[in-house]
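S.K.: Protein chains in written order, with numbering that gives the first Met the number 0: chain C, 0 to 148; chain U, 0 to 259.
Note that these hints are calculated values from the structure, not bench results. Glycine is no exception: its CB is placed at the ideal position from the N, C-alpha and C atoms.
Residues of chain C clear of chain U, computed beta-carbon distances all greater than 12 Å: (1) 60; (2) 91; (3) 95; (4) 115; (5) 116; (6) 119; (7) 130; (8) 137; (9) 138; (10) 143.
Dumping the calculated SDA-like pairs for lysine to any residue here, alpha-carbon to alpha-carbon at most 25 Å: (11) U:235 / U:20; (12) U:44 / C:5; (13) U:44 / C:4; (14) U:44 / C:18; (15) U:44 / C:19; (16) U:44 / C:11; (17) U:44 / C:8; (18) U:44 / C:3; (19) U:44 / C:15.
Here is how the chains run, residue by residue.
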Amino acid sequence: MAQRTTEIIVGLFMIAGCAALLVLALQVSGLSPKSAESTYTIYANFNDTGGLTPRGRVSMAGVTVGTIESISLNTETFQARVEMSIHSDVDNIPSDSSAVIRTSGLLGEQYIDISIGAEMDSLKEGDTFYSTQSAMNLERLISNFASGR
Amino acid sequence: MIGRIAAFGRLGLDIVSSFGRSGRFLAGVLGGVPRPATGFPLLVKQLYAVGVLSLAIIVVSGLFIGMVLGLQGYTILSDYGSEAAIGQMIALTLVRELGPVVTALLFAGRAGSALTAEIGLMKATEQLSSMEMMGVDPLRRVIAPRLWAGFIAMPVLAVIFSVVGIWGGMLVGVDWLGVFEGSFWGNMQSSVDFVDDVLNGVIKSVVFGFVCAWIAVYQGYDCVPTSAGISSATTKTVVYSSLAVLGLDFVLTAVMFGDF
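For reference, chain C alone in the conformation it holds in the complex:
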């Protein structure tokens, strides 16, 4: 084979290696992939997010309708502020709905479940859930039970 062809193929091989390392860096260990789907952002404040993680799912009646973008601490109220992006085809969530943190299975990951309200208005881009229910803390539950409260 001509030297030049060999050099080109080896060059492609090295580029493939670098690209693979880039995939490992960005996709497997770090930055999020851009989702093509159009979404809108809403917020919820929780007293305790438990083991909730960014990129976890947001569901409604068990169907996934969005993902958790970020979790940050509001230093004024000392509550956790969860930013979630909801698929824009689900645009009629009643404004008095509440966000509940649930666990899938006994040991599974935690996710946000939206329980539906009855209001006619719906949540818009940038709105915040009026009522939330924090993560169930098994230890606190047991200690409450043990102390008889």
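Got chain C; can you put chain U on it based on the hints?
M.R.: For chain U alone, coordinates are given in the frame of chain C:
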């Protein structure tokens, strides 16, 4: 009785002297830095033979190993209702262990044996000694490009193996078994650390590549120049490389991920 003890002693001396010869051989190869103008085309040619031609077996085995990990992981994890953790399981297994180790084992079988046989045949047909007669250093001309090619190609192959494996796992887990894609990648990204997991895996594969290439070229260079000698040297390459890779993997894992 005395004869047996003497045979045992001879065995020990043989082992020690072969370690010594391989060390001097390595020093000779690495000491003679080739001129870039002549060395680079030779290196590219060997990278093609050692790296690019190994790509097919690496990609196919990576894909299937990832898919099997996806299936097995799903079966086990769904008992606990946590099949979303399949992403982090596949990624950590591949990036930390299976990527470097399986690639090295395949590399020893596919490329290492070929290197040994090639160099052994050159020695048996006295091409190496005729090079020396012409004033060309065979260590620099023949051995060094092959050693460096193995050293460079191995990490590249291991990284490609891991990526293809993760893709295969995603194919099975997300597209076939229906794990939610967001939690697949999310769990993976929250548990895989770039420096601790990915870079340590790359360091492992660099070490394995060096060891595999060294064993392969040394066995070829040191073989008995007969057809039986070449065949036993090729076998030794595969056996020694595999043992060295698995043993070193334990040591490296203990150093990188152990708690001490």
